[in-house]
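S.K.: If you count the sequence shown from 1, position 398 lands on 398 in the UniProt record's numbering, and the numbers rise without skipping.
Possibly wrong hints are sitting among the right ones.
Taking lysine-lysine pairs in the DSSO-like style, the calculated list, with each CA pair at most 30 Å apart, reads [to be verified]:
id, residue 1, residue 2
1, Lys130, Lys280
2, Lys155, Lys172
3, Lys207, Lys217
4, Lys280, Lys116
5, Lys172, Lys218
6, Lys280, Lys255
7, Lys207, Lys155
8, Lys155, Lys218
9, Lys252, Lys218
10, Lys332, Lys280
11, Lys172, Lys207
12, Lys255, Lys172
13, Lys155, Lys280
14, Lys172, Lys280
15, Lys322, Lys332
16, Lys385, Lys172
17, Lys116, Lys130
18, Lys116, Lys127
19, Lys322, Lys337
20, Lys347, Lys337
21, Lys116, Lys347
22, Lys385, Lys330
23, Lys155, Lys130
24, Lys207, Lys130
25, Lys130, Lys330
26, Lys255, Lys207
I should point out that these hints are in silico values taken from the structure, not numbers from a laboratory.
Note that the structure is a prediction, hence the values are computed from the model and not measured.
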Amino acid sequence: MKPVILAGGTGSRLWPKSRAALPKQFLALTSEQTMLQETLSRLHGVQASHPIVICNDAHRFLVAEQLRQQNIEHGGILLEPVGRNTAPAIALAALHALQSDADETLLVLAADHLIKDTGAFHQAIGKAQKLADAGYLVTFGIVPDAPHTGYGYIKAGQELETGMAVAQFVEKPDMATAQTYVDSGNYLWNSGMFMFKASRFLEELEKYNPKMLEICKKAIASESQDLDFIRIDGDIFATCPDDSIDYAVMEKTAKAAMVPLDAGWSDVGSWSSLWETSAKDANGNAVIGDAILENVSNSYINAEERLISVIGLDNVVVVETKDAIMVAHKDKVQDIKNVVTRLKQEKRPEFEFHREVFRPWGSYDSIDQGARFQVKRITVKPGEKLSVQMHHHRAEHWIVVSGTASVTIGEETRMVTENESTYIPIGEVHALENPGKIPLELIEVQSGAYLGEDDIVRFSDRYGRTAKK
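Can you make the complete structure from the sequences, with help from the hints?
M.R.: The structure is reproduced here in structure tokens:
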């Protein structure tokens with residue numbers, strides 16, 4: 001069995017923590033591990049081969065680094081050049097998996113789900129595998145603990161050996177309809193997790209959406225290896241229909257089956273759902289970080305950098321990051337998408353980036369800026385190197401705080417140690433490397449007429465970014 005982890009998406013409903021450049025699957029929201037790392041960790045104890053992870057091109061280094069942190073070997077990090085929903089993504093994974101095993105079974109999981117009871121999850125996987133071996137396309141149906149309008153539902157059909165046939169997929173209902181579904185006992189939440197033989201999925205896809213399969217075959221025929229990543233033909237894949245696995249296959253196939261899962265599952269789709277799954281105090285408050293509450297109840301408070309004080313409120317969400325604060329009534333958190341839309345329309349940096357931005361070599365934190373200057377705290381991981389580059393519009397001063405830097409300016413390379421500094425004039429080709437065993441921390445002061453991140457001309461780069469940022 002080969003896990004396929006779907007790690008695309010932007011997670012805009014959890015802004016300001018989740019940003020386009022750092023979506024929720026790469027955040028530590030429910031434990032010290034990120035949600036992607038949790039998803040992979042809960043596979044321990046399951047007989048499975050190295051997972052395939054599917055992600056956006058822009059997030060490739062985040063995936064690679066988070067797998068490296070957990071010492072997780074992978075079976076390929078497959079890059080989607082453009083988002084085309086879950087059906088094409090799974091088709092690409094199936095085609096890639098069949099290159100090495102014609103009888104491969106896929107366990108398709110989202111990278112951003114919470115499952116509290118790992119034992120129950122493993123038992124459900126065992127039941128699903130028996131159905132997959134019998135030729136079924138299996139989905140995991142979540143046993144509902146209350147009516148919910150945010151999930152699709154699956155109606156159970158006839159009993160099978162280790163599960164049940166799927167009678168019907170149902171769209172997200174209104175509250176009254178959701179209540180009748182829960183009361184009947186015949187409907188489960190649609191989790192978006194699946195198991196099937198790769199070959200069986202492709203057979204059903206060819207039957208119901210042959211154009212999608214044809215395009216995916218053409219796109220992956222010329223796949224290439226780029227460091228840890230597998231690239232496909234972006235021009236071809238861009239012509240692929242945009243469709244979910246439910247619409248493309250599961251709602252049409254006569255071989256859909258379901259295994260019930262009662263394991264404390266949540267898709268962590270909003271701040272209110274995160275409050276529901278969090279530990280709470282006697283007043284129903286879930287508090288993360290430094291907060292002082294006075295006469296507050298049933299609320300979610302998440303402080304990242306500063307002290308938050310909340311007084312006399314009920315049923316609210318307060319989330320603070322280095323560069324933004326969000327306050328909402330818990331019943332209105334779905335309207336965060338409107339804020340994110342406005343941020344995107346106004347081209348504000350808070351839509352895409354946090355103040356601290358992660359790169360394959362480390363990170364930088366923009367700690368101050370003003371007219372013609374910007375100050376960053378830069379962290380370079382041991383053994384890593386920034387690209388050989390040049391700027392047209394800015395000069396830079398580097399002051400080493402800790403560690404040792406190997407600095408190349410023009411033709412000269414020298415070592416810069418703690419409390420030493422160096423200066424890079426406008427237009428000078430330069431590079432920065434950490435040759436040491438500990439992280440390199442330095443302060444960068446930029447000055448000039450234009451300080452945008454796109455004022456970078458890369459001449460060489462070990463991460464393959466000379467053609468793009």
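S.K.: Which of the listed hints are broken here?
M.R.: 1, 5, 6, 8, 13, 16, 21, 22, 25
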